[in-house]
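J.: The lines below spell out each chain.
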Amino acid sequence: MLILSLILPITFAFLLIHLLWASPQIINSQTAIKLFLSVGLGLGISSLSYWVFLNLSGSFNSFSIILEAAVFMVLILVCAVIQLKRKPLCNINEPFQKNEKESQDILTWHKIPFLTIGFWTAILCTVVLFVTRTLNNPHGSWDAWAIWNMRARFLYRSQEHWITAFSSMHGCTHTDYPLLIPAAISRIWGYIGSDTLHAPMIVAFLFTFSTVGLIVSAMILIKNRNHGYVTGLILLSLTFFTIHGAGQVADVPFGFFVLSTMVLFFLKDKLPEKSAVFCFLAGMMAGLSAWTKNEGLLFIIIILFSHFIVTVFKQGRASYFKEIRPLFLGLSPVILIIAHFKMNLDISNDLVSKRSAESLVKLLFDPERYLIVGKSYLYYLNKKFLAIIITFPLMLIALKLSGDKNIKVSSTISALAILLLLFGYFMIYIITPHDLAWHVKTSLSRLYLQVMPSVVFVFFMLLNSIGRQPDYGSRK
Amino acid sequence: MTFNRPQILKIVIAIVILFTILGSIKKAQKEWKDFNHNEKDIAVQYEEKLGPVKKLLPPGVNIGYTNDDKDSGKFAESLYLTQYALSPHKVMNNEMADFIIASFTNPAEKVQFIKDNHLSLVKDIDDKMALYTRKTQ
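In the order they appear, the protein sequences are chains A and B. Mapping to this note's numbering: the first sequence position 405 is 497, numbers consecutive. Mapping to this note's numbering: the second sequence position 1 is 29, numbers consecutive.
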């Protein structure tokens, strides 16, 4: 039942992406990226469906499970039939195919492909680290047992009284936090029939390694294999990322959805014929980020703003309106469910509720707070992400910035969104009602973690491809 | 000795590979050592000690929680772990419920607390923590 609970939504998500992307074959060079996108999308859709069933039938009982499984099976069948009946497609994915030809092992010694071996060894070591960390902390870190897994337990164990999960009267923190992780876990427990620790562990594993898989497969597709492996290695070098992934916190899944949104924007630029499809999927992923953590609401505003500014100025209003419709179409179902969750339950946010304008202004005009947060930003960047501080300038020297015009719009949107997100977090710290030092100490490194996969992805997208001899050969 | 761009690139990639593999192995080694030698994870400890208590509680009952360490950050940790282990029972940060889980390091304070709140012992959970119920008048 554990496998069934995962395979149904992920298969549906994969077929949906495959149908919309419309590749000629089901197995091709884009299979990996579709698969990693579908892991996040599938888990996201399954948690939304759990919430809908919970609200419609009062509890996620055997009847709900059978009905939900039947709905997923019908949807899978419909997608499969449409795919089979579709006329043979012309190959619109040509821009990606030359990348395979130009990919050659950059790091070889006596014909031994060190980059490939190094990458897969690093993956193996990271899996070992993830497993040992999970064995050591099977319930996850503080945030996992105090927030996410706690909420999942309440949803599952309370059965028809699941509303108690949102009572602020007991030792249950942050009742306003969205439900992607707790609902996904509780749904799996519903299928299995017991609240085994395997469910949160597997969800954490899927999100951690789908982030790595997505960044590598997207880079392989858009640039080449060398570029993909090196980008993956940089992400894997951040053991902090793996440790937090195994800690079952929601920051890694949130980072996955932010990264997915940006990857889909880059794909939109590379395949303009399919821009509506990629915008629709990007909208869904951005929506799911807000269903994972409240920071996602800020991310949605920022990505819509960045998309508006960059697209209107670089491509014109017509292009913007062409893209914004599918983007909203993907975003709106998730936003509606989030709105239902926030408005129908008696929940409040610790950062925004019961604050007077006067107290906010006082905090905003306190220069000392800016100094504390600014120093902390630099401190945690240096403490947790030293590998990035060292390797990024060296990579920039070695590869130089790419002049690829095809990705200029998406890279500007993504870079602007990352900067605005970090600025948004900065301003939230300035106005936090909590003790500033405590708030920064307990959360800033995780906030960095949320954007780090996207930072690595956008940075490597901006560089010249590794392995294209003419690019750096001519600059010797 | 000067390096051209492809050489710099190869050196950086080689360092990243080494750094990534060694970093992961070092951390995994530490985790494995902790797993074998150190005491169990705190959430596992709470699960094990509060598991038998959960069976004693009637369905739907609310539980109060207190300890004599309210000033340190450990109070919140202990409250949340108790709530995590006992869910779906609601554990509240007060002494008003019919069942109370109290943890005292000072035996004199424990005796005074039981006397003041008219409590009787249901079960000793460990050397500090116990489950109490309110005496019927």
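Treat the hints loosely; a few may be bogus.
[Claimed, not checked] Lysine-lysine pairs mimicking DSSO-like chemistry, simulated, CA-CA at most 30 Å apart:
hint: 1; chain 1: B; residue 1: K138; chain 2: A; residue 2: K467
hint: 2; chain 1: A; residue 1: K366; chain 2: A; residue 2: K177
hint: 3; chain 1: A; residue 1: K476; chain 2: B; residue 2: K138
hint: 4; chain 1: B; residue 1: K38; chain 2: B; residue 2: K102
hint: 5; chain 1: B; residue 1: K138; chain 2: B; residue 2: K98
hint: 6; chain 1: B; residue 1: K38; chain 2: A; residue 2: K497
hint: 7; chain 1: A; residue 1: K362; chain 2: B; residue 2: K102
To be clear, the hints were calculated from the coordinates, so they are not data collected in a lab. All values reported here derive from a predicted model rather than from experimental measurement.
J.: Against each hint, give a clear statement of whether it holds in the structure.
T.: Hint check results:
1. K138/B x K467/A: violated, 45 Å
2. K366/A x K177/A: holds, 20 Å
3. K476/A x K138/B: violated, 43 Å
4. K38/B x K102/B: Given pair K38/B, K102/B is violated - Cα atoms ~49 Å apart, limit 30 Å.
5. K138/B x K98/B: holds, 14 Å
6. K38/B x K497/A: Roughly 27 Å separates the two Cα atoms, so the pair holds.
7. K362/A x K102/B: violated, 52 Å
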